[in-house]
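Protein chains: 2
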Amino acid sequence: MKFPLAERMEYIAPFQVMALLERAKQLQSAGRDIIHMEIGEPDFRTPDTIVQAGIKALQDGHTGYSPALGIPALREAISGFYASHYGVNVPASRIVVTSGASGALLLALGALVSQGSEVLLTDPGYPCNRHFVRLLEGLPVNIPVGPETKYQLTPDHLAQHWNDKTVATLVASPANPTGTLLTPAEIQALNEACLARHGRLIVDEIYQGLTYGVEAQTALALSEDLFVINSFSKYFQMTGWRLGWLVVPEAYLDAVTRLAQNIFISAPTPAQYAALAAFAPDTIQLLEERRHVFAERRNTLIPLLTELGLKVASEPEGAFYVYADCTGITDDSYQFAYRALEETGIALTPGLDFGSYRANEHIRIAYTADTHRLVEAVERLGRITRT
Amino acid sequence: MKFPLAERMEYIAPFQVMALLERAKQLQSAGRDIIHMEIGEPDFRTPDTIVQAGIKALQDGHTGYSPALGIPALREAISGFYASHYGVNVPASRIVVTSGASGALLLALGALVSQGSEVLLTDPGYPCNRHFVRLLEGLPVNIPVGPETKYQLTPDHLAQHWNDKTVATLVASPANPTGTLLTPAEIQALNEACLARHGRLIVDEIYQGLTYGVEAQTALALSEDLFVINSFSKYFQMTGWRLGWLVVPEAYLDAVTRLAQNIFISAPTPAQYAALAAFAPDTIQLLEERRHVFAERRNTLIPLLTELGLKVASEPEGAFYVYADCTGITDDSYQFAYRALEETGIALTPGLDFGSYRANEHIRIAYTADTHRLVEAVERLGRITRT
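Those protein sequences? They're chains X and C, same order as listed. The numbering of the first sequence is the working numbering, which starts it at 62 and goes up by one. The numbering of the second sequence is the working numbering, which starts it at 62 and goes up by one.
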């Protein structure tokens, strides 16, 4: 039967890692010991203070629609967090609570991107970003980046790729899959380069707070004219609750409000009440302890990977990923990921999930397992890398 | 400062009722007694069996990402519900759990609509539908409908408005704002009219189960080739949990899966575990009791509105709305809604929120208040309609 299929579906790729994850689960069901280093999800449970606040929200009957931009108390709490932790004044009126960072991304791009608009992105980068642009009939411009710029965009990239159709640049700090950061000066330069061209900078701060040896930052300290995307998923370890937020420049508040009303109605209400506990001192103390665990894992893992012949070309200072050049071992990281899984029970994400530039030369390794498991994972990988 | 704003924002309208709701809350804070008949939300709390299942989900640590298409147990439970309640075989593999019906709508349209594609819709209709089409750079074709077709589309409408760009028709049964139903024969005819033109029918069954004097139906009994959108918000009274589902024709499963992975990652996980309790016999018994309460309200309200001079031109047999022709009282329903609020404390939704065809001649009245309050509301409205 002939049937209409949206043209965008030619572009929107599945996650390669999903099929690999499926296979990993099969092996696991068959009794194999699998070490999961493929998923972008902390291995810690949501802190109990947040869970208890969620339970109380349900007991108190907070199960109806909430305002399209979020419950006022949570918008105020996020504003307060920016003030107390980052010393930045971000009025609650510019903070929009969303269904995950995914919702925030759709709102920001929905307000910026017209049919044919171009958005500058990194390759490698979080794959959904380019798919969101394409969903809205914009054109994602995936700019190859490497260790020479810490896998980040620079004003030179903007100068080279910006044209009349370009409306925005999206960067991430800390970045996925590379874990690299932008300095405040670098963000400032990118923001100025965008504004000078009458475009906007969107900064993905989804991994904010998860930095190692570097103080956590926010681009909001630098400008009121940029969009910031954030999430309760990573630092606050609330992935399944589907809660994020968007900080909106004043000029876009009306557009974003209309989009939020129409596209989402509201973010999940019980999750919003639960998230009120996310900024409490005891929660933050626990999350900081967990951050130190991530730091320890990272510091153990990177030297071991290097010994194995996996090159970590640009120091990952944030998130919980290592993006490793595996050309010392293989010229096909996709095949390598499957071989690692089948032969050693180690699940990794092939570079292909993050773009096409030198994708087959890289794998992403998430340190979302205990240190002793990471050590074991590297030992097991050694069996195939040395053959 | 010059800045890019997506062209779609010229089209995407705010909900008029939001400003009215804001004003209603102001009056309420000032001590006025407001009767709320403006919001599309049941006034019943989520059934306690579902709330308790949600609490247990949180206690059990179900707070991580879930599969992009939903947890298998819930997809199976929905499939089982179609079998037991409607006698229809819908395999779980075709059921995709989403972040509210909003998520389902975005997936279905995302897979169908290319830039410039046309989608046929009713005017009046749920406003977000046309905004979703526009979000995706498609063209919503809002077809004026009136009581002569129960405010529904017919194959004649399709014959008249279908062209080379048309990819889909979206109907709702029960419909918002009119509460009217399509019969199986009518849905069958619409589906055949779409398929004959190589397009697809999308049936919004968000208010499924909320019918009065008529057995609840599903379009899935008629065809495997249509999309069905559903929700846990209305019949199951889980609005704030943000949970819905989409039934997908086999041919679109791959596209919808890729979209779901990229756009949503997953639906809220605790809500999915909570919803497992939605189909339990004791929950359904409670929901059926509440449906009888809605029926009683409806049967009380409609004659009173008619006495007042508000014409209900097409019998609403479902949802919890009356779409009333108020030309006997006013030629400006928008102004009337504000007057009703200010002078009598009754909050109603002006027709403008549902389209432009004779919008100013209609208001939507939600019977989401106790019967005695509805009676009082009509009495109060009488004060202005008789002056």
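Hints may be right or wrong, so weigh each one.
Some residues of chain X that are not near chain C, with every Cβ distance over 12 Å (derived) [stated by the list, open to error]:
| id | residue |
| --- | --- |
| 1 | Glu68 |
| 2 | Gly148 |
| 3 | Ile204 |
| 4 | Leu347 |
Derived DSS-like pairs (lysine-lysine); straight-line CA-CA distance at most 27 Å [as the list claims (entries may be wrong)]:
| id | chain 1 | residue 1 | chain 2 | residue 2 |
| --- | --- | --- | --- | --- |
| 5 | C | Lys226 | X | Lys63 |
| 6 | C | Lys226 | X | Lys117 |
| 7 | C | Lys63 | X | Lys226 |
| 8 | C | Lys117 | X | Lys117 |
| 9 | C | Lys226 | X | Lys226 |
Stretch-level coverage of chain X by chain C, calculated; a stretch enters the list once three of its residues show a Cβ under 8 Å from a Cβ in chain C [stated by the list, open to error]:
| id | segment |
| --- | --- |
| 10 | 86 to 96 |
| 11 | 100 to 107 |
The hints are simulated quantities; they were obtained by calculation from the structure and are not laboratory data. All C-beta atoms in this analysis are idealised placements derived from N, C-alpha and C, irrespective of residue type, glycine included.
Comparing the hints with the structure gives:
1. A Cβ of chain C approaches the Cβ of glutamate 68 of chain X within 12 Å, the least distance being about 4 Å, so the stated non-interface status is violated.
2. Every C-beta of chain C lies more than 12 Å from that of glycine 148 of chain X, the closest at about 26 Å, which supports listing it as non-interface.
3. Listed as a non-interface residue, isoleucine 204 of chain X keeps its Cβ farther than 12 Å from every Cβ of chain C; the least gap is roughly 19 Å.
4. Even its closest Cβ contact with chain C, about 15 Å, leaves leucine 347 of chain X beyond 12 Å, as expected for a residue assigned away from the interface.
5. A threshold of 27 Å between alpha carbons decides the hint, and for lysine 226 of chain C with lysine 63 of chain X the separation of about 14 Å falls inside it, so the pair holds.
6. The suggested pairing of lysine 226 of chain C with lysine 117 of chain X is violated, with an alpha-carbon distance near 51 Å, which exceeds 27 Å.
7. Simply put, lysine 63 of chain C and lysine 226 of chain X have alpha-carbon atoms about 14 Å apart, close enough for the 27 Å limit, and the pair holds.
8. Distance check on the hinted pair: lysine 117 of chain C and lysine 117 of chain X sit about 12 Å apart at the alpha-carbon level, within 27 Å; holds.
9. Distance restraint check for lysine 226 of chain C and lysine 226 of chain X: the Cα-Cα separation of roughly 25 Å lies within the 27 Å cut-off, and the hinted pair is therefore satisfied.
10. Judged by the Cβ-Cβ criterion of 8 Å, the segment 86 to 96 of chain X is not covered by chain C as claimed, because only 0 of its residues qualify and three are needed.
11. Residues of the segment 100 to 107 of chain X lying with their CB closer than 8 Å to a CB of chain C number 4, which satisfies the three-residue condition for coverage.
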